[in-house]
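Asker: One-letter residues, chain by chain:
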Amino acid sequence: MKSVRLTIDGRAVEVPDGTTILDAAMANGIKIPTLCHLEGVKDYGGCRLCLVEIKGSPKVFPACTTPVGQGMEVTTNSDRLKEYRKMALQLLLSERAHICSVCVANGACELQSLASELGVDQLIFERDWPELSVDLTHAYLVIDRNRCILCTRCIRVCDEIEGVHTLDLMLRGKETQVVIDLNENWKNATSCTGCRKCAKVCPVGAIYVKGEALSSTKDKEVAKFITERRRSAFE
Amino acid sequence: MNKVRVATIWLSGCSGCHMSFLDQDEFLMELAKLVQFVYSPLIDVKEFPENVDITIVEGAVGNEEQLELIEVARKRTKQLIALGDCAVHGNVTSLRNALREGDQAVLKRAYLELADTTPQIPSEVTPLLKKAHPLHEIVEVDHFIPGCPPPASLITYVLTELLAGRKPEMEGKAKFG
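In order, the protein sequences belong to chains C and X.
For the first sequence, the working numbering begins at 1 and goes up steadily by one.
For the second sequence, the working numbering begins at 236 and goes up steadily by one.
Just chain X, with the same shape it has in the complex (with noise of 0.2 Å):
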């Protein structure tokens, strides 16, 4: 039987989702035995991959690199996944949306206004985008899993329902924050 081809990225997000998607314990090995696993920051593959099954994103859209990756990420995916509130719905990564020029607003805070010695804002680094956005208002996605972090036996029961071909149904199951 041909392995479920599936890919974890994580954008502007704390890894706090990896984490509970690590929390799977013993589900991780049922799991191997299903799916291939052929990107993620837990293995090392530098080119997002064409023909992926499954692509399950933790955090939210936050510079140019990332928009870049997820849109590429949607094109060659058929089942994209936003995992945890940073994807969902922007979360603590979009706070900075609420203020005038937020994204130079955060820059100057953690750079000149935090640093103890040489304040410098780093200059080659990819931009910042103007605002942080939750995935779907960037590309199209199938299935939403909130939570701060998602709790790891909903991602079990999501990627459980998804294997078997059925549709998560999230009334009571799911919490923001």
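The following block holds chain C by itself, in its conformation from the complex (with noise of 0.2 Å):
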């Protein structure tokens, strides 16, 4: 395959044409902060944590979905992407009742440890926070809709690995949430098969599976693992 040349914070790399920046700085061990992008499904830019900036563009790009180019000068880590990403987590954090303090994901949340690394340490937006719900129906998953970021990696994963469609998503701005089937109770949703890979992959607190440690429910590896393993039944 064509390989791409391109400059990521000064240090020159060389990666397979199509390979998105976000692969590109990672697999050259550069660390570029995300919330929704989640290896083995596809991307969908939709937490703009990985916000990089392109030397000749005025604007910044999602690294995640945005394609290496030749001779792409890439930065990943400028004073004005910290305080967008700042601005961002904090947007997050204001958009629905994240409180940590009573979260089963407290400590074991990626929103909450990113806000300690990159320091965000006040909430500056007013909130208004709607009056979502919370679906204990199920047998041992949970879905509790104040505490979702609408990643969308329980979607993706949902579909595109286990391969049912369980999960999407419902109305729009502040309003959006995830659904069950068609706005089912999570109980008569007849296409889940109760795999639990959405709790595994949920970054925060939203989806859990009752009465577990979230820190052993967690692990985001999974998508990885079962397309890797996929992939190798094929070649």
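Hint data in this document are derived by calculation from the structure and do not stem from the laboratory.
Bear in mind that the values here come from a model prediction, so they are computed numbers and not experimental data.
Certain hints may be false.
Pulled from the structure, derived: some chain C residues nowhere near chain X, Cβ distances all over 12 Å [said to hold, decoys possible]:
# : residue
1 : THR7
2 : THR20
3 : SER78
4 : LEU81
5 : ILE99
6 : ASP128
7 : ASN185
8 : LYS187
9 : ARG229
What follows is a list of derived Cβ distance ranges for each label pair [as the list claims (entries may be wrong)]:
#  : chain 1 : residue 1 : chain 2 : residue 2 : range
10 : C       : ASN188    : X       : GLU359    : 46 to 52 Å
11 : X       : LEU257    : C       : ARG231    : 31 to 37 Å
12 : C       : LEU171    : X       : PRO386    : 35 to 41 Å
13 : X       : LYS238    : C       : LYS55     : 44 to 50 Å
14 : X       : PRO386    : C       : LYS82     : 20 to 26 Å
15 : C       : LYS31     : X       : GLU306    : 40 to 46 Å
16 : X       : ALA350    : C       : LYS31     : 41 to 47 Å
17 : X       : TYR346    : C       : GLY119    : 37 to 43 Å
18 : C       : ASP219    : X       : LEU347    : 41 to 47 Å
19 : X       : ASP279    : C       : PRO58     : 56 to 62 Å
Below are the SDA-like pairs computed for lysine to any residue, each with C-alpha atoms no more than 25 Å apart in a straight line [unchecked claim]:
#  : chain 1 : residue 1 : chain 2 : residue 2
20 : C       : LYS200    : X       : GLY412
21 : X       : LYS366    : C       : ASP128
22 : C       : LYS31     : X       : HIS371
23 : X       : LYS408    : C       : ALA88
24 : C       : LYS82     : X       : ARG401
25 : C       : LYS82     : X       : GLY337
26 : X       : LYS313    : C       : SER113
27 : C       : LYS86     : X       : LYS365
28 : X       : LYS402    : C       : GLU117
29 : C       : LYS174    : X       : GLY337
30 : C       : LYS210    : C       : ARG229
31 : X       : LYS343    : C       : LEU136
32 : C       : LYS82     : X       : LYS365
33 : C       : LYS86     : X       : VAL374
34 : C       : LYS174    : X       : VAL327
35 : X       : LYS408    : C       : VAL142
36 : C       : LYS2      : C       : GLY29
37 : X       : LYS310    : C       : PHE125
38 : X       : LYS402    : C       : GLU175
39 : X       : LYS402    : C       : ARG80
40 : C       : LYS220    : X       : GLY412
No residue lacks a Cβ here, since even glycine has one placed at the ideal position from N, Cα and C.
Combine both chains into one complex, guided by the hints.
Answerer: Encoded structure:
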């Protein structure tokens, strides 16, 4: 396959054509923060945490959905990007009742640890939380929509890996929420296989397994693992 | 040398942040050499004093009395610190904000639905605000120390920096929850 040469943070790298900037950076040991990215499923560029600058453009680009280009000069960590990332985290944290102290994911939450890592110690945006439901009807799976950051990892893993597409999004704007089948209670969702992949890849405490420590439930490598196994079966 | 005049305030919080403050253990001895506590739930002063250098506030602003106190404190303070998640972003105190008529809903739940005997909502206490507010929604805040509660070591770090005239750097140190 044709390869592409570019620089990321001043470092010359060479990757196959069609690689995303995020994958190119990760393959070369350059860390870019993400929340919605999940190895093994399609990227959708929703969380805006992986924004990067490309020389010659005043705009910023999501690294997970922008392919590399020949001679591209990418910056992943300028002061402007740091400020934007902090702002994106503040918006995510302000949008819903993210109360870490009473969340099952406290201490095992990607949103919480990124906020800490990037120095988010306050929320400057006005909060106007929608009143959202918690579905406790399933035998062991729970969804608390008040904790959801709409990263859609659960939807993509359910669709692309489990292959049933039980989960999807409903409504728009701040009312947007993850629904089960056609907005059913989870116990009535006939398409759900109860595989728990959604809970394994959820970066926060929105989908979890009842009565199980979140630190043992969370395993976002599951998507990558299944994809690789499936790919090797066809090779 | 004049001692730095410090106040601490306890609004709608669980007092866990004040416990964390006390958890600073032997640093409190060092602190006592440098500061004078002029107002706090830990000492018996009724009126918030004038001319305070640092005020450390725990809890969200949840009722009318607290609203009045925080406004007076801000006017009489040089540097105001929001201590803990309730003061920083509302935390558990503000969970009622997600409910319609949340102020009435919590009173009903606490005093009527969960009462074993003589259910009644107390009428002679200060009224709740419609919503519980983090401090920065009401007054200007100079420093934020998140955490539920913030670790004692982080409180020590921030106070040490402020007393040395430096700005505390929170990246990688502070954590919600």
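Asker: Hints first: check each against the structure and report whether it holds.
Answerer: Status of each hint after checking the structure:
1. THR7: holds, 26 Å
2. THR20: holds, 27 Å
3. SER78: Answer for SER78(C): holds, closest chain X Cβ roughly 16 Å.
4. LEU81: holds, 14 Å
5. ILE99: violated, 6 Å
6. ASP128: Label violated. Min Cβ-Cβ 9 Å, cutoff 12 Å.
7. ASN185: Check passes; 21 Å lies beyond 12 Å.
8. LYS187: holds, 24 Å
9. ARG229: Answer for ARG229(C): holds, closest chain X Cβ roughly 35 Å.
10. ASN188(C) x GLU359(X): 46 to 52 Å: holds, 48 Å
11. LEU257(X) x ARG231(C): 31 to 37 Å: violated, 57 Å
12. LEU171(C) x PRO386(X): 35 to 41 Å: About 39 Å separates the Cβ atoms of LEU171(C) and PRO386(X), which means 35 to 41 Å holds.
13. LYS238(X) x LYS55(C): 44 to 50 Å: For LYS55(C) against LYS238(X), whose Cβ atoms are near 54 Å apart, the range 44 to 50 Å is violated.
14. PRO386(X) x LYS82(C): 20 to 26 Å: holds, 24 Å
15. LYS31(C) x GLU306(X): 40 to 46 Å: holds, 44 Å
16. ALA350(X) x LYS31(C): 41 to 47 Å: violated, 54 Å
17. TYR346(X) x GLY119(C): 37 to 43 Å: This hint holds: roughly 41 Å between Cβ atoms.
18. ASP219(C) x LEU347(X): 41 to 47 Å: 44 Å Cβ-Cβ, so the 41 to 47 Å window holds.
19. ASP279(X) x PRO58(C): 56 to 62 Å: For ASP279(X) and PRO58(C) the Cβ distance comes to about 60 Å; the hint holds.
20. LYS200(C) x GLY412(X): holds, 21 Å
21. LYS366(X) x ASP128(C): holds, 10 Å
22. LYS31(C) x HIS371(X): violated, 33 Å
23. LYS408(X) x ALA88(C): holds, 19 Å
24. LYS82(C) x ARG401(X): holds, 22 Å
25. LYS82(C) x GLY337(X): violated, 36 Å
26. LYS313(X) x SER113(C): violated, 32 Å
27. LYS86(C) x LYS365(X): violated, 29 Å
28. LYS402(X) x GLU117(C): This hinted pair holds, its Cα atoms lying about 18 Å apart.
29. LYS174(C) x GLY337(X): Answer holds: LYS174(C) to GLY337(X) is near 19 Å, not above 25 Å.
30. LYS210(C) x ARG229(C): Roughly 29 Å separates the two Cα atoms, so the pair is violated.
31. LYS343(X) x LEU136(C): holds, 24 Å
32. LYS82(C) x LYS365(X): Violated: LYS82(C) and LYS365(X) sit about 35 Å apart, past 25 Å.
33. LYS86(C) x VAL374(X): Cα-Cα ~22 Å, so holds.
34. LYS174(C) x VAL327(X): holds, 21 Å
35. LYS408(X) x VAL142(C): violated, 31 Å
36. LYS2(C) x GLY29(C): Holds, because 22 Å separates the two Cα atoms, which is no more than 25 Å.
37. LYS310(X) x PHE125(C): Distance of about 24 Å is within 25 Å: holds.
38. LYS402(X) x GLU175(C): Answer violated: LYS402(X) to GLU175(C) is near 39 Å, above 25 Å.
39. LYS402(X) x ARG80(C): The given pair, whose Cα atoms are some 21 Å apart, holds under the 25 Å limit.
40. LYS220(C) x GLY412(X): Holds, at about 22 Å.
Comparing the model with each earlier hint shows violations of hints 5, 6, 11, 13, 16, 22, 25, 26, 27, 30, 32, 35, 38; every other hint is respected.
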